[in-house]
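Peer 1: For reference, the chains in residue letters:
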Amino acid sequence: MKILFAARLEAVKDPMTFVKAGIQLPDHEFTVAGDGSLKKQCEILVAGRKNIKFLGWVDAENIRHLMKEADVFCQSDNVENIWSSSLVAAMKNKKAVICTNTGYTSKYLKDNYHVLLISPQNCSELVRAIERLSDDIGLRHRLGENAQAYVQENLAIEKIVKEIRGWMTTTVQDRRNTRID
Amino acid sequence: MRIAFVVARVGEERNVIQRLSLILADELRKQGESVDIFPFNRRSVFKFFSYRKLRNYDCVLIANIGLQCAYFSICKRLRLIKKCFIAISFGSDIRATKNKLINLFNQMSKPVIDLLIVVNPDLLDTARARGYVNVVYVPCWSECLS
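Sequences listed follow chains A and B, in order. 389 is the number of the first residue of the first sequence in our numbering; add one for each residue after it. 19 is the number of the first residue of the second sequence in our numbering; add one for each residue after it.
No lab work stands behind these hints, which were simulated from the structure alone. All clues stand as given, with none of them false.
According to the in silico footprint, chain A covers these stretches of chain B (three or more CB under 8 Å from chain A): (1) 73 to 81; (2) 102 to 109; (3) 123 to 135; (4) 138 to 145; (5) 152 to 159.
As a list, the in silico SDA-like pairs of lysine to any residue whose alpha-carbon atoms are at most 25 Å apart: (6) A:K480 with B:C162; (7) B:K116 with A:Y492; (8) A:K498 with B:P157; (9) A:K550 with B:G50; (10) A:K480 with A:V467; (11) A:K438 with A:L426; (12) B:K48 with A:T559; (13) A:K482 with B:L163; (14) A:K498 with B:L163; (15) A:K408 with A:D524; (16) A:K550 with B:P57; (17) A:K480 with B:L163; (18) A:K480 with B:N33; (19) A:K390 with A:D447; (20) B:K128 with B:D76; (21) A:K390 with A:N450; (22) B:K100 with A:W555; (23) A:K427 with B:N117; (24) A:K482 with A:I525; (25) A:K495 with B:V153; (26) A:K456 with A:H416; (27) B:K100 with A:Q561; (28) B:K118 with B:N152.
In this text the structure is predicted, and so the values were computed from the model without any measurement. A virtual CB, placed ideally from N, CA and C, is assigned to each residue, including glycine.
Given these sequences and hints, build the entire structure.
Peer 2: Okay, structure coming up:
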């Protein structure tokens, strides 16, 4: 199974947990797309294992390609980053997603329905989630389809910007009513 | 509505915030608003009369509440600009509670921001805890980047 991590390699994104899971699961292919201050540390930890690849920073077009190739996308942020571009791209591309349950994530993305939620910095939970997805192709497909439907229903830019315009218009009008510029 | 949109790091391909900001500007235009981008960089800080251009707009929209927001906030506090200020926080700025510079920028801009839009639900709590009063949440439109 091909598992993708795409983020800056910084503490807040916790690439180390992903890499440690890769060490424990040598039969799966782990790809790390991103650059950052933890890159060296990750590479040292991997110590040449062939199932874990580091691609460095990857442009948007190649991320799209990697996303299509992957079976599973993993986001291991320590703080809530529910609408990150890579997570949403994975959902849009019908990928099975493993995501850390931080902040309000579980309010919007249901565990076992849209994504598999795991605790932050918990390598054993990540390993178990990957094994589950590896054993159950049906679950992978269901998660992907539900995730894509969520993006289509809730994250369309036209709808979001309409809401932003509404807030902006109200604020400008309120301010005009209270004082003259 | 005529919107002056202040965006930092325009042209940096790796910067997600500037890409999201430019996408937002395009969509606002598609929905009938008039949006002009005001690229902000460190050199802008020394252009003392750059605030004058903002007078022709109905509101000033600012991407992220960092240096760019603090800079124009000073102009507003000095009453050189009297327009409505709307800021969008993508999180990195408002979460940097240990960064003294960001804290200072936040302190400077907070009183003059009429509306703060956040794109992650937990940022509502964070922003209110930091003293922002008029805060709203909308989901991020990062879907457009994929």
